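Chains as they are written, first to last, in numbering that gives the first Met the number 0: chain W, 0 to 148; chain A, 0 to 148; chain P, 0 to 148; chain F, 0 to 148; chain C, 0 to 148; chain V, 0 to 148.
Don't read these hints as lab results, they were simulated from the structure. Hints are all accurate, no fakes.
It does not matter which identical chain is used: a pair holds within one copy or between any two.
Result set (DSS-like, lysine-lysine): computed pairs, CA atoms no more than 27 Å apart in a straight line:
id	residue 1	residue 2
1	90	105
2	90	4
3	53	4
Owing to the predicted nature of the structure, the values given are computational and were not obtained by experimental measurement.
These are the residues of each chain, in order.
6 protein chains.
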Amino acid sequence: MIIEKYLEEYEIGASRMTAGRTITEADIVLHAGQTGDFYPHHVDAQWCATQPFKQRIAHGTLVFSVGIGMTTGVMNPRGMSYGYDRLRFIKPVFIGDTVRVRTTVKETRPHKTPSHGMLVELVEILNQNDQVVIACEHLTIMERKPAES
Amino acid sequence: MIIEKYLEEYEIGASRMTAGRTITEADIVLHAGQTGDFYPHHVDAQWCATQPFKQRIAHGTLVFSVGIGMTTGVMNPRGMSYGYDRLRFIKPVFIGDTVRVRTTVKETRPHKTPSHGMLVELVEILNQNDQVVIACEHLTIMERKPAES
Amino acid sequence: MIIEKYLEEYEIGASRMTAGRTITEADIVLHAGQTGDFYPHHVDAQWCATQPFKQRIAHGTLVFSVGIGMTTGVMNPRGMSYGYDRLRFIKPVFIGDTVRVRTTVKETRPHKTPSHGMLVELVEILNQNDQVVIACEHLTIMERKPAES
Amino acid sequence: MIIEKYLEEYEIGASRMTAGRTITEADIVLHAGQTGDFYPHHVDAQWCATQPFKQRIAHGTLVFSVGIGMTTGVMNPRGMSYGYDRLRFIKPVFIGDTVRVRTTVKETRPHKTPSHGMLVELVEILNQNDQVVIACEHLTIMERKPAES
Amino acid sequence: MIIEKYLEEYEIGASRMTAGRTITEADIVLHAGQTGDFYPHHVDAQWCATQPFKQRIAHGTLVFSVGIGMTTGVMNPRGMSYGYDRLRFIKPVFIGDTVRVRTTVKETRPHKTPSHGMLVELVEILNQNDQVVIACEHLTIMERKPAES
Amino acid sequence: MIIEKYLEEYEIGASRMTAGRTITEADIVLHAGQTGDFYPHHVDAQWCATQPFKQRIAHGTLVFSVGIGMTTGVMNPRGMSYGYDRLRFIKPVFIGDTVRVRTTVKETRPHKTPSHGMLVELVEILNQNDQVVIACEHLTIMERKPAES
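Produce the entire structure from the sequences given, and follow the hints as far as they go.
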């Protein structure tokens, strides 16, 4: 779906939440295969059983990618993704955990191009216990509303 | 492979480079499937042909995940990944581009736990023309070398 | 997204169109792998070159499944999918074709449970030349609007 | 394997049964990824636990595609798949269920081209309790046996 | 399909050929992901262009696994796969090559259990130019025909 | 990583061991899909429950391919893989088993090209109980150390 929105139309503090998705063993297998990251934390259940967390954990890049993917659906042609700040892996995600994503408009910042500004949204990936497992700030370069003449 | 290294053993400015990997149409299909991000920029060749870049582009999270995965291989049990700062999508990656990853030790910072410090490494994903397509700073909490008694 | 809608709220003749998606060689490889259908029409390029269509064609169940998947996004908790009628494979889909899906409300029918009715929607999967490649009728059992007291 | 058979050589009432296949969590993950259908019925175990069926259910298009794929193996160059009628999702398929497919020759019908006819086969996908979970009629346009001169 | 056959019923020199299958870039991507073998010979098109073969080559284990998989379809409950001898990688397989598999009964050998013997079949994987790309000998422990009393 | 080594530099009896990897249901599903081998031993849990081993077993080609993949990481440009001898499937691998691979230099043999020789390494894939599940001999054609002048 396409929804056009200018920078000024984002309300600081407004937040939205996605539906949920369960992280499966298959997701970890596929992500190891896509990235080549076969660290034992993700693919060796026997070794993990000897570690503090006792079981395999999902790759940080898997949960981050899935979480960002879950926020898609609505395209705003007035914005262009610029990057992420303060991406933090706060808690491990285990096989069978169910994640949802909350996106909150945090602030807007000026941009060197006066017709545009930077939209900063806090993206929080939550598990089934409402604990934040990953947080980051998503930066989008957005058009400002043209002055009406 | 396991190589134990304390914070003090990382030399500022030292860098290492991975082998290369070609980003394929299959990678994009698999990443769309893993994340649920089916935005037309990634999966609709016909629409892309009408856009400035003329062709499908790889998901930012795909290239980031693959790039981070390419840096794996050596585990240092003295460190724990903390997160990423300043993750920036600088240039698009197209089907058939070949990426490599350069990691450079940027700086070390104090940590609230005196026995540890923060290692900051600049991670740059390059394409076949040596252009940086993604850059970010990887933060790792590392043990300091114990004082010899 | 959840949008509650009763049977009476569907307008006969109303139609909606999805974004597009390019069917890739990787999709065919994955679908052969998921279903076990390795017929040479789908996986043997050499043999296909000797046939009238000259190239590999996507599985009918692949294009049908992808097309139905493309129509998802909005859930209506007042309806439950009942089945499909008149599923027809009208034109072959080749690697590189881009499909979109048009859904048109065709009719409503009574249901043995008086509080419900059957919604019939025509689902047409189109290629990049606006040719219908697959058509079918989707049947959904929908709640009728409760009489206001 | 190739077995040539004309329309007249199909015996009404004859049926054949495939071997079995267990539907796994990985199948659902892969099908969600192939189709983009991430409805919570299929991918959110936490939400499903609050619903009448208590657990994730396989996509209808997954079980249909796998079932049709299971019937492949023998190619009859005298026939061409035309479509499906009365495709019905009768019972949910859960992770761990094992399906088999029974195909029964139901009837033959005339075709506008006199040298051909329509073969109608009832396709029933059964679970491990011999319950039909999906049923449909498969229509194939078949050559009639040429009159011997 | 199940076909029961005793050791004596295999005729030395008899051979059978499978249908064909095109090895795709997606197959290589999936096999790299399944095995973790991301050697540049398979995944770095830029580096391969500097090598004698000029292009990516399929993993030996990919072509071997696909070839063995292509010979499946008929199960003989009287035999049990024992292993492979003289597995040789004779020619590279490139993206787009189409392989078929020829299996020839080579010999039978005694087994320490007198009621059984070893069946040796030559398995040859051919490309579209009828060149053998992989050859091996498949060993199966087979029941001998029980003496009729 | 690239490590150049001549035939003479391999020490008979030297061995190395990989990290571990758990074989998952998803691996079996993906391997069935890649190879087309949907034998009930691998994909029909219900039938397997009636057999001596009681559960699904991993494809021999899956465990072999994964095991070989686990030994990758270091490339020696002085050697070229020639093939495998005495590949034996010794014990079944079940879903959830964790495998590691031990490679032992077994012997060197002359080669028709005097500047080269054949390196024979014993490859043993072990499960979590240190049982060898697959063994084979890997043959590599290696350059001999050039005589110093």
